[in-house]
Structures are given as C-alpha cells and as structure tokens.
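Participant: One letter stands for each residue in the lines below.
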Amino acid sequence: MEPILKGRGLVKRYGKVTALDRCDFDLMPGEILAVIGDNGAGKSSLIKAVSGAVVPDAGTVELEGKEVRFTSPIQAREAGIETVYQTLAMSPALSIADNMFMGREIRKEGWRGKFLRQLDRQTMEKLARDKLSELGLMTIQNINQAVETLSGGQRQGVAVARAAAFGSKVIILDEPTAALGVKESRKVLELILDVKSRGIPIILISHNMPHVFEVADRIHVHRLGKRLCVIDPKDYTMSDAVAFMTGAKEPPEAQAA
Amino acid sequence: MEPILKGRGLVKRYGKVTALDRCDFDLMPGEILAVIGDNGAGKSSLIKAVSGAVVPDAGTVELEGKEVRFTSPIQAREAGIETVYQTLAMSPALSIADNMFMGREIRKEGWRGKFLRQLDRQTMEKLARDKLSELGLMTIQNINQAVETLSGGQRQGVAVARAAAFGSKVIILDEPTAALGVKESRKVLELILDVKSRGIPIILISHNMPHVFEVADRIHVHRLGKRLCVIDPKDYTMSDAVAFMTGAKEPPEAQAA
Amino acid sequence: MSTSDDYEKTVSTAASDVAAFDDPHKGFVGRFHHALHTTPALVPLIVLLASILVFGLALGSKFFSPFALTLILQQVQIVGIVAAAQSLVILTAGIDLSVGAIAVISSVVMGQFTFRYGLPVEVAVACGLMFGTAIGALNGWLVAAMKLPPFIVTLGMWQIVLAANFLYSRNETIRAQEIAEQAPVLQLLGAKFQIGGAVFTVGVIMMIAIVLILAFILKHTAWGRHVYAVGDDAEAAELSGVNVRMTLISVYAVAGFICAIAGWALIGRIGSVSPTSGQLLNIESITAVVIGGISLFGGRGSILGTFFGALIVGVFTLGLRLMGADAQWTYLLIGVLIIAAVAVDQWIRKVAA
Amino acid sequence: MSTSDDYEKTVSTAASDVAAFDDPHKGFVGRFHHALHTTPALVPLIVLLASILVFGLALGSKFFSPFALTLILQQVQIVGIVAAAQSLVILTAGIDLSVGAIAVISSVVMGQFTFRYGLPVEVAVACGLMFGTAIGALNGWLVAAMKLPPFIVTLGMWQIVLAANFLYSRNETIRAQEIAEQAPVLQLLGAKFQIGGAVFTVGVIMMIAIVLILAFILKHTAWGRHVYAVGDDAEAAELSGVNVRMTLISVYAVAGFICAIAGWALIGRIGSVSPTSGQLLNIESITAVVIGGISLFGGRGSILGTFFGALIVGVFTLGLRLMGADAQWTYLLIGVLIIAAVAVDQWIRKVAA
Amino acid sequence: DGHSVSACLITKTDTNPFFVKMREGATAKAEELGITLNSYAGKVDGDHETQVAAIETCIANGAKGILLTASDTSSIVPAVQQARDAGLLVIALDTPLEPIDSADMTFATDNFLAGELIGKWAAASLGDAAADARIGMLDLAVSQPSVGVLRDQGFMTGFGIDVKDPSRWGDEEDDRIVGHDVTAGNEEGGRKAMENLLAQDPTINVVYTINEPAAAGAYQALKSIGRENDVLIVSVDGGCPGVQNIKDGVIGATSQQYPLLMASKGIEAIAAWAKDGTKPEATEGKAFFDTGVALVTDQPADGVDSIDTDEGMNLCWG
Ligand SMILES: Nc1ncnc2c1ncn2[C@@H]1O[C@H](COP(=O)(O)OP(=O)(O)OP(=O)(O)O)[C@@H](O)[C@H]1O
Ligand SMILES: Nc1ncnc2c1ncn2[C@@H]1O[C@H](COP(=O)(O)OP(=O)(O)OP(=O)(O)O)[C@@H](O)[C@H]1O
Ligand SMILES: [Mg+2]
Ligand SMILES: [Mg+2]
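Residue numbers (my numbering), protein chains in the order written: chain A, 293 to 549; chain B, 293 to 549; chain C, 189 to 541; chain D, 189 to 541; chain E, 65 to 382.
Hints may be right or wrong, so weigh each one.
Calculated lysine to any residue pairs in the SDA-like style (CA-CA distance at most 25 Å, straight line) [to be verified]:
| id | chain 1 | residue 1 | chain 2 | residue 2 |
| --- | --- | --- | --- | --- |
| 1 | D | K335 | B | A385 |
| 2 | E | K287 | D | S253 |
| 3 | B | K541 | B | S531 |
Calculated directly from the structure, the hints in this document are not laboratory data.
Starting from the given sequences, assemble the full structure and let the hints guide the process.
Facilitator: This is the structure we're talking about:
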C-alpha cells in the first residue's frame, strides 16, 4: 500500500535552531498515526511543513503519490488536508459559524450571491449546528456567539469539529486534548475514532501515552528533529515508546527510519 | 490542625458567568492538595481569588488563621504565597534572571544600590543559576537569554523554579504539566515532592488523574464553581474521582463540603 | 502511578449539563445590555442622539433646523468618507496616516490632468481614483509583504505624498471659476439639491452610500469577514485559511480608492483644486473612528459607529460654534469629548459585560 | 486504556542532551549577528555612521567640520529630549501624542510665571517642570487607572493642552531681549561653550545626560526592568509582581517632566517664549523612536537607539540641505528614509536571526 | 436676540499675534457700535475646511457680514459666494481673494509693496556692497502661500533681483541668493532655517524673513556664531515686539501693517451695510482698500521713506 501522505528529507531551520533535520514521514490510508516526542522535538514543525503552514527549507511532500508544494495552509486545505493547530487558529471576536467557514464561505444562490457576493448565513449556520451536534461534541445554544466567550474545551471542540467536517483526505490534530479535562478529552478521542470509521486517515500529536496507545494504529517516534522509528502499539509497551523518544533506549533496527 | 490557607464563601462573577459560587477551600500545613474539575469548573478562578490575582466579590480568605484581603498578587507574594499561573506570567523579552527576580530585585550594596538604586546583576544571576541547577530542572547555559527563546517545557520549568525558590508559606501550581512531554512532566512532579519535603504545602491543579493520585495527600473536587467534596486518594479510585467531578456519582456524604 | 483503572470510562455516564448557556435575554435591562454587546454602533448612536438633543434644547431652532442639521452632514462629508477608509485599515489592526495626503494628491491629479494635460475630465477623474488606489496598494504591499509596521509605512508615505503633491502641483490652485466653466464634472460631488429646508449634496449622498456599502460588505461577504479575522489575529487567520497578504493589500488599496473619492468630494466642497487642503484629515479621521468605537487593536467595531463618530464631532463643532464658543475653547472641548467618549464607551462595556 | 504500565519511570534513564544550547559565538559573522541581536541600538548606530560617512564623502569639509556636526546636535536637541520621553512611553506599549504640547505649555508657564506674576525665575522654572509632570501624570492615570487607550488619551490631551496654551498665553511671545535682561536663567539651556571648532550648548549636554541617565535607569534599576515587563505583557507583569498601575503612571509622569525640560531647552534655543513652537514634536519624536528601533508594540528596544534615530534624521536634514536639495525634496526624502530605515532594520534582524 | 446686528470674523489661525490683534480690534469696534461679533479661526495655517465651515456657520447664525482672512484665497470663493447670495457682506482682510472681486471689498496691506520697501531699504543701506551681497531667504512654508510669495518676490524686486515667475519663489537664478528655507513663521523655524543656510554659506550678510518671529529666531542663530552685528535682517509685520526688536538692533527694518485698522474698518463697513446697504469703496487706483504699509527703521536710507521706531511703537499692533 502506498502512503497517502509522504514526506522525505524535510528540513526546517529557525535561525540557529534546526527544528526538522532531514525528516521522513509516512501516513497510510485509513490509519490513525500518532506522533510522539519530547517538547521541542519538532512535531509541530513537521505537521506545519506538510500542511503548508511553513515552507520547508528542503525535502519533498507527496499527497497520493503526487508531489505537492504548499506555500500556504489554504492550498493544503484545498487539497483536502485539514489541520487543527496547537494554537487552535480561531478569530476570537468572530462567531462559531464564521470561524467554521473561514476561507470557504458559502455564498447565496442567485444574483445576490453572484453579484453582491452575499454570504448565505442561514445555510452556514445550519451546517455548523448540524456538524457540531452530529459530532455530539457539545450543546451550543447560539451558533452566533463569539468564540472568545467559549471555554477552552468548547473552543477545542469547535476546532476539531471544523477539521472533521471539512477534511476529505487527511486530518491533522496537534495536541487536541492538552488543555482539556477528562470528560472533554474523552469526547475528542471518540470523535477521532468516529472520523477514522469514515475512512479518513488522522495524524494525532499527543503527549498522553495512554491516549496514544488506545487509538493509534502506528506510532511515529520523533526525536531531535528526525523520525527515530515507527512502532506498532501492539508490539511495544508505553515504557518502550517513552524510552525510545527520550533516548533512553536504542530504537528497533528493523523499523528505524 | 488548623488550615494554613482557608477560603470561605468565595464568590466571583464575570458578567453573567458565575465562576465561583460560595466556594470553600482548605489547605493543611505540609500537604499536597490537588484540585480537580472539569474545564471551566472554576479552578483557576479559585486560586486567583486566594492569591490576589482577582478580588472575590464576596467571601473571606484566611492565612494562618488571620484574615487577609489581597488586592494584588504582590501582596500575596509578600505574605509568602507563590503562584505559577496557567498562563505562566513571564515577560518574553526579558532574561531568565530578570523574570525570576521580577518585583523583588536585589540592589547593590553600598552607595550604588542606595542612591543609584543599581541592581546587583551578578548576585541575581548567581542565585537564579543556583536555583535552577539545585532543582536539577534543566541545564541552561546562559541565564541571560530571553525567556522567549526557551522551549515551552523550559519556560514552565523556570516558572516552577521561581515559585519553589521564593514561596515560603504556600506554593500554588495551576496545570504545571499541561503542555509538557512525558520527561518534562516527570521532572515537575519530582520537584513538587521535593518542595513538599521541605515542609511547604502545595496546591496542584491538574487534569492528569494518574499524576494527581500519585502525589496528592488530599483531593479537592471542584464542580460548577463549588467545592463538591474532598477525598483521600487512598480511599477512592480514579474512577470515583472522575465520577464525582463530572456529576456521574453523588459525592460521599461525610466529606461533602 | 501504580493505581491504575479505567477511570476515563466513567465519563460516559456523566451528567451533560455543562455546556448549556444562560438565556441572556432577561427583561428589558438584560436585552439592552445584550444589544449593546452585539451592536457596537449603538453606543456612539446614543451619544450622537443625546448630543443633538442637548444642543437642540440649548440653541433651539437655530440648531434644530433642517438647514443646520444637513449643514452638519455637509461639513463632515470629507472626514466621513476618509474615516470610512480609515475604519477599514484600523479593523485590520493597522493605521493609515497618509489618508489626507492621498485625498489631496488625488484631487490634484484630477485637476492637473484635466487642465495641464488637457485630458477629458472623466479620464482625469479615473486617473485620480486609480492614483489613490495605487498609493494605497503600495502602503498595503509594504505592510503585508515587507512586514513593516503600518504606522511607519503610512507616516513615511504621508510625507512623501505631501511633498510630491507640492512639487507636482507647483503649489498652484486651480480656480473654482475655471473648473465650473471647463470641467464641471470635477465639482460633481458638490452639486446641491434641496428637500424642504434640508440641503444635500451629491458628496453627502456619496458618503452615506460608501458607509452603507462598506457595512454590507464587511458583514455579508467573505472578504469582510476576512478583514475582521486578520485584525483579530493575523496568524490565526492565515492558519485557518485566509489569504492575509491579499486581504491586507486589498484593504489598503480600497482605503486609497475611498480617499481618492474623498479628494473628488473635496473639489466639490471647496470648488477649486487646492494642494494645501486636507492637512488634518488623518487626525480627524482617526478621532471619528475611535469615538465610533472601533478598537485600535483591530477586529472589533463597526463602520456605522465610525459614521456616528464623525457626526458626533460635527455636531459638537457646529453646536459649540453656534453657541459662540471661541475656537480654542472648541478645540479644548473636543479634546475633552474624545477622552470622555472613550471613557463612557469603556464604562458601558464594563457594565454591560 | 487497558495497557497500563509504569512507562513514566523510564525517563529517569533518559538522555539529558535536550536543553543544551549551541554556542552562538561562532567566528566574526556569528559574533556580529549575536551582537545585533542583543544590542538593539547597534543597527541605528551603524546607519548613523554610514550616513555621516556618505554625506562626509559627498560634501567634504562643509559637512565634516566640527561646526556642522555640532550644529546637528544643536538642531536635534529638542527632538532628542522629547524622543527620550516618547521612548519611555512607547516601551510600555503606549504612545504619547501630547509631548509637544506639554513642552510648549511648560515653557509658557515658565515665562508667564516670571513675567506676568513676577515670580523668581527659579520658582517659575520649577513650576513649569511640575506642570509638565502633572499633565504627564494625568495622562498616566487615565491610561493606567481608567484603562483608556494611550493613543486616545494623549490625542485628547494634545488638543486640550494646546488650546489651554493659547488661551493662557494669549498668544503673546516674550521677547528674547527681555528674557536675557530680566530672567537669563530661562535661557540657561541655550548657553554655549566651544571646544575647538565644536560648539556645544547646555541643552545638548542636557539631552545627552538625559539619554545616558535613562539608559542607566532602564538597564540597571528595578523600575527600568518593570517598564520593559509592562510593555512586554502587562498582565504577565502584574501577575509576576509588578505594580503595573504605578509603573505606568510614573512613566507618563517622567515623560511629562522630560518634556517640560524640553520646553525649557526650547526657550534656550529660540531665545524667546513662544506659544506657537513645537507643533511637530510629536510626529518628529515618534519618527526618531521608530528609526531608533524601538518596537511600537512595547517591551523591545533601547533609548540609545532613539538618540541615534534622532541624529539620523538630523544628519539627513542638514546633509540634504547642504547638497542643495530644496526644502520640499528634503521632506520627500525624509519620508523615504523613514520607510527605508525600518525596512533595513527588519532585514538585518531577519538575516541575523 | 435676533434684532441686533451680528458679524463674523474668520482668521487663518487664532494663534498668530497678527490675527489675535485683528480680533481685538474688531471686538473693540464691534462693542463700540453695538454689534455681536463671533470669531472663528483655522486650526493651523492652511486649514481651509474649517474656514468654509465657519462661513456656513455664519450663514446659519444669520450674521450680517463676514470679515475674512482666507487661508486658501481661491478655494474659498464658492463659500464666499454662498454667503453673499444669502445677503451677507463679505470683506476680505489682509489677504485678497482670487479673483479679488469675489469679496465685496478687500481691506489689506499691499504685501508685495511691503516686501519691496524692505528690499529697497536693504539695497540702499548696503550701497555698493549690494552688488555682491549674500542673501538668505527665510520663507513661510513649502506650500508657498500667496502672502509669503508676495513678500518674498517684493523684497527681491526692491533689492533689484530678477524674480522670474513672480508667483513662486525658488526659481530665481541670481547668484547673490544663497538659498530659501522655510520657517513656519515662528522662532524655532527661523533659527533652524538660518542655521541650515549658514551651514551652506557662512558669509550670508542679508536675511529676508517672512515675519518678525522668524527674524528673532534667525537672530538667535546668528548670535550663536557671533555674527549678529554684521548681518542685515529685514522683515514684515510691524508687531510691537518686532518694532522693539528694531529698537534693540535685532532687525534692521520692517514693513509695518495695520491689522487693527483693517478690522475696525471692516466692522464699520458691516455696520453701514446693515444700516442702509452701502458698500465700502476701494482706494483710488487699486482694486482694494489699502490700509497702508510703512517702513520702520532707525537707520533711514536714502530714497526710501520710513518712520522711526518711536512712531512705529505708537502704531504697532501686538
Ligand atoms: N517560529 C519559530 N521561531 C523560532 N523557533 C521556532 C519556531 N517554531 C518552532 N521553533 C523551534 O523549533 C523547535 C521545534 O519546535 P516544535 O514546536 O516543532 O516542537 P514540538 O515538538 O511541537 O514541541 P511541543 O511538544 O512543545 O509542542 C523548538 O526548539 C522551537 O523552539
Ligand atoms: N477574565 C474572565 N472574563 C470572563 N469570564 C471568565 C474570565 N475568567 C474566567 N472566566 C469564566 O469563568 C469560568 C471559570 O473559569 P476558570 O478559568 O476558573 O475555569 P478552570 O476550572 O480553571 O478551567 P480550565 O480547566 O479550563 O483551566 C469559565 O466559564 C470561564 O469562561
Ligand atoms: Mg508542538
Ligand atoms: Mg484553569
């Protein structure tokens, strides 16, 4: 099977810091790939490089076997890659519906959409509400309330719902449960499994080992800007994974990248 | 035994939201008290109310049996309460040493300190370096580098080290490990136990149940702006705790607040 | 961590009453607070109506006549148009100090192209509008692509454009009489018509039209939403799929275009083409925007608020003049008004929160 | 979550090579880059030296004489002093548009208290300095306690103070000859002394002294560190133990005091007390601050940079005039310079990053 | 009180002593004649919009007449026409409108003549040395407002310099001119502009200044390099501090104008207009009512009429 998303030799430098150091990366169709690693290992940089948020200094990215060069997140989105960044990327003063449809607004039918370029708020609001309740993530009364009035957990939920609603090929989640409570984390994990059941592959970055071992099909261990190895959660224990990612243990030869 | 820090009937409203709803609170000398609760339950609001970061609308706070009314974090600090806020509260452009001694700078001896009010950088840098390495938290080469050049984990480390170094009566940590990797989290937990061994009581807010059950002496379960109950981790399981805090189970009568 | 159990499973039986919101519509006061919150233009509107009422009571029919009230509209038309442009820029968390200079040089281009080069006046007007747009786009490019702070870019551009204006125009005024004879289209926006005692000019209609069109665009088109998103948090906007660079460049370009229209209206209002007019437009437009409740940090506020803000200043200026206040006292009171308006705004927002 | 083990214990055996930093001092280029990063005043200093060199080569001894070079110092002294005050405010992420008005009204108070009320001149000067400080403190109070945006507070204050200035002074100038006869202390900062061909005034020394003292205070006292912390992130500063309110009020008050000194220097420079001077000081001081590399978002930059920034503008103004550029072209080129200086600054920072 | 006569005074600014005195003169006369006077002013020199708004306010206020010193002499015409159509008498003070007959009458100084007088005096005082004089020109603003141009070009004409285009300064080719710089008409600008010109050519020995504050600033610059006694400074205005400065030897000569006279004549004209509709007449041979200009100096030169500073002090206005 060919990877749906493939990175080769990715390099990204920030001044003196090398965030990505000739890093390889593979996501298989339909799988949940977890990416784990220490703080500052370069996990966020990796997903930014494949999702167009930063342009890598070197290396190639292939989507479904075709090489792509995203220079902005918009291009990646158009290609079907949807990302929830660690910083969430929401406009606090705008409404939930506005945020969900940011950059892919729906215009009215007929002349008002065509010539006045008027937005179809009703449709967008209805769709946003549907997505949110379909995902069962929360009970939001007012789809027009500003995102800044939501709690951290609700905000994270909206971001994940946006990605799940629009991602057609790949969904990337960068630490989606970091600030969440037990209950809220649980909901996000359920959502991830739900998206997977629809056949869409997911990249999940997390520091929470139990979560990773619960949902991941494969685990990409990232260390010092590189893919150290890829392991199967059924073959290794959490201790092994932590040992690999912290450098306490050598990675298994066969699966080393 | 009398609580070292005691809150009674604390109320805090933000517009229509009631973040604290006649909340009580007790911290015993020498203990590690964990505070758990859903997102938005009001945990951060509670510790802000007892540490002077917000002034409660109603209710009283007692430190060592004497009523105190802090109107700014400075007053709480002067009374010996040191807090690591969820947002860390660092000045990104200033150095590690500057940040550690912010608001309690050390002046030079003699006329230069007295009349020119000149800071004693050498002493402050030496002390900062000592604190950081004494706590074994990290190997920082340059104590003068700007905090913004540190990784998230290093930053968290500096914040915790600052609190541990200066807190004389109470140390409060609001989700100190939320953004940290496995290794970094571990170090913070070790640090917490180390501080406790010096006899200083600690309040720890965390969503990480295993961590809470590992280090806490007592667990304050917060729900809907109130203290629901206080439980002993030796008497209850994590499932119980989660059930209480999410409202799935009634709290034990005896310990209900 | 030796005590391990399936604690996370517990949450499936958890109560789900957390994300429910209070119904904010509680009685009249509640609804009023809610309205203040969701309609940022309401506060300046209330201030505007209150000040009209106060001056009306104090001055009687002198102030409360169709003539005087429409006079205010005429007096604020230039500032109103420029402030609309300024609002756009400030909504993106920028600031444009070059608005006045762009307006003036555009009017000079319109005049000189007609009279110096003998171009058909319609072409000259089009050139003026394009010129203003181009300067705006250059501002936008420097801000968006070169990532220079808007304050500096437009501060520099202000000086450059103003000096270029004096050099190019040779400080010569094109007289109203000549324009009326040879190129009346230049004065189009000054054309008057009466409805009862009320006197309107095409320029006033233009101002109102620009405000309404921008209000529609900002609220009902994707571009408008993107303007708010960029002002709110440019990085988040970029990550969530907004082309920040093109949004910024287009905002500054549109602002330049609107300023050029203001330059055209300026010819209508003063009759002639004068390179020395419009010197205070940048400060006056920022004042109107701020009194109108748009945050200088971007992303919050409405263009209708700016319109009311400009009118508030106009009402105060005319009212104080009619009351015979000395010019310096008027400036002093406008200064107090600026601070007071923002203080009231802050206070209302706090109470309403 | 059924696979549970003591995985966290593993980390005790983990490698600890993560927090190590590269040694940034690699060779000359590396060290230069590092210096650019840690010494924000270096970039404007380089630009300053380069521009002196270029004009020196182009104009020879006409420009490169002690006379011309010290003339620049004399010409920038007022702007330099005011820009020092402006720097303080901008470091706290504020802005002060009222600096020029404060300087002028302080000089008027000094003059009128001496001549209208016959107070001893030393007392009058002290009153002027106190008056400037008081206006600054009022600005600070409105910003810190009322939480109003600095731009608006000082915009309003600018108008209020300027109008009050004209009303109070009745637009009357106090002549240089009268001052020289009856109250020479007012002209103290204009007193000259020569060292070789170089001419210095007490005002120039004052400017340099203010810059050096502020540089010391900002770097070596707790208050200075607090100013940076407040500008960096006011909320974080508050939580980490800084009295943000008092810091802000004192910053604006000190800025008012320094502006009052600038007002005193103004008397020394123009000889007389004139209520119409200093109208452009706010824009000029902001220009100097920005060219000097202080971020308008606060918390970053150094006051020495501002000093160099003011000198850069002075060097360009005189240099261009000496090269025969006429006044209008000089304005235009200064506009270009402002944008270019910031672009170069951005570029150097990017390359050095 | 709709029955009493009201009038408006609109000046360029209300911060320049010249206009302040004009207002004082008008106020005094208005009180004497029982007229209500409202005064308006632009915010800065060149602030045209405020003047237009002021005219509109006067119309709304039902004033009988307007006294106006226009910032923009041509652009103001439509607004003036509107006022005249509404039955107001509009009198231009100090600065003629363009065309001059746009106002009902103009009470003004002949600014070109004012410049010419000081030019002649400077040339005569220098005598033969005038042929190789080094002249610094301190003008008003880069936007070249007409007062500044008239005085500047008048000075040159009086001094015997070919002015080329008389409607702008800076296009002359005479070698004796070191350069032009702008002062904003205040001391600060005067000093800086003088320093700039001195750096260009330290041998400057004749300085034309737009007004007396600029002259005072220029004097400070000269004094700081010890050349205050060998440079001839000439100026225009005739304000009391300016005349005092001539007495003290700061300025060589100045052309004095009479703003109080302009203002009081203007108020009288409005009173007459309100009473019986008579309009004021122009000075013979001129398109405006010349309120006169006199050269004030303590060193009279041959062939140039002048008054001394004692007389100048009696007539001065500020
Ligand atoms: N915009 C940036 N400018 C400078 N350095 C950066 C930038 N973004 C990331 N870095 C640096 O690159 C390295 C990798 O960062 P990255 O965010 O990819 O780590 P991460 O694995 O996602 O860490 P975490 O688990 O803390 O999110 C870090 O040293 C970081 O400081
Ligand atoms: N400054 C504020 N303004 C308005 N509402 C606030 C503010 N701070 C907190 N709140 C609201 O108060 C409630 C309690 O917030 P708080 O931060 O105390 O929760 P928490 O228990 O710390 O949650 P988390 O686990 O997500 O940190 C929330 O509904 C929150 O939205
Ligand atoms: Mg990351
Ligand atoms: Mg919290």
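Participant: State for each hint whether it applies.
Facilitator: The hints, checked one at a time:
For the given pair, K335(D) sits about 24 Å from A385(B) by alpha-carbon distance, which is consistent with the 25 Å threshold. Distance hint between K287(E) and S253(D) is fulfilled; the C-alpha atoms sit about 19 Å from each other, no more than 25 Å. With a C-alpha separation of about 10 Å, the suggested pair K541(B) and S531(B) falls inside the 25 Å cut-off, and the hint holds.
Hint compliance for this structure: every hint is met.
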